[in-house]
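*Asks:* Sequence:
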Amino acid sequence: MDLEKIEGLVKIIEDSSLNEFTYKDKDVKITMSKLDHPPVVAAGVPVAASAPVNTTVEKAEEEEESLFITSPIVGTFYSAAAPDVPAFVKVGDQVKAGQTVCILEAMKLMNEIQSDYDCEIEAVLVSNEQKVEYGQPLFRVKRL
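In the working numbering, the protein residues as written are 59 to 202.
Hints are computed from structural coordinates only; laboratory data are not their basis. These numbers come from a predicted model, not from an experiment. Be a bit skeptical, because a hint or two may be false.
Unchecked claim - Label-pair ranges, simulated between beta-carbon atoms:
id, residue 1, residue 2, range
1, Lys-63, Asp-151, 20 to 28 Å
2, Val-132, Gly-66, 21 to 29 Å
3, Val-143, Ile-70, 16 to 24 Å
4, Gly-156, Glu-65, 35 to 43 Å
5, Ala-145, Ser-75, 16 to 24 Å
6, Ala-140, Lys-69, 32 to 40 Å
7, Lys-69, Gln-172, 29 to 37 Å
8, Glu-187, Gly-66, 26 to 34 Å
9, Thr-80, Ile-131, 18 to 26 Å
10, Ile-131, Asp-73, 17 to 25 Å
11, Asp-73, Ala-139, 27 to 35 Å
12, Ser-75, Gln-172, 30 to 38 Å
13, Leu-167, Gly-66, 31 to 39 Å
Where is the CB? At the ideal position from N, CA and C, for every residue including glycine.
Construct the entire structure; sequences and hints are all you get.
*Replies:* Below is the structure:
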């Protein structure tokens, strides 16, 4: 992957509502997350100084592969069925295939989003009532 592609990814993430993004290409893995302070760059990858993104490049085989549960639609993310009930899932929960992990509201319709596989929730990447885009990662998970 060349520097121009990395800079392009940084710009896309900087301009989006994503809080974290991972890109994997053969033996290179790039993880970016938005922070409140200047970027920290690993593996000698230059990043524009104004970009509030932390970029890490590492060999894919050095870390267990993370997967994402992504939004299949544009809508509003809800972590629970109602404001006074617990969230469907939280970090550390083990989820079975077909289990509901959140609700996405689109055009006044409540859509239950389910896991496609058995996994463990590593991170919740969006906050309750946040607007989400098609394909946006909602949860980082580890396959069981």
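*Asks:* Against this structure, judge whether each hint is valid.
*Replies:* Hint check:
1. Lys-63 - Asp-151: 20 to 28 Å: Violated, at about 35 Å.
2. Val-132 - Gly-66: 21 to 29 Å: holds, 23 Å
3. Val-143 - Ile-70: 16 to 24 Å: violated, 36 Å
4. Gly-156 - Glu-65: 35 to 43 Å: holds, 40 Å
5. Ala-145 - Ser-75: 16 to 24 Å: holds, 20 Å
6. Ala-140 - Lys-69: 32 to 40 Å: holds, 39 Å
7. Lys-69 - Gln-172: 29 to 37 Å: holds, 33 Å
8. Glu-187 - Gly-66: 26 to 34 Å: holds, 31 Å
9. Thr-80 - Ile-131: 18 to 26 Å: holds, 21 Å
10. Ile-131 - Asp-73: 17 to 25 Å: Given about 21 Å between the Cβ atoms, the range holds.
11. Asp-73 - Ala-139: 27 to 35 Å: With Cβ atoms ~33 Å apart, the hint holds.
12. Ser-75 - Gln-172: 30 to 38 Å: violated, 23 Å
13. Leu-167 - Gly-66: 31 to 39 Å: holds, 35 Å
Comparing the model with each numbered hint stated earlier shows that hints 1, 3 and 12 do not hold.
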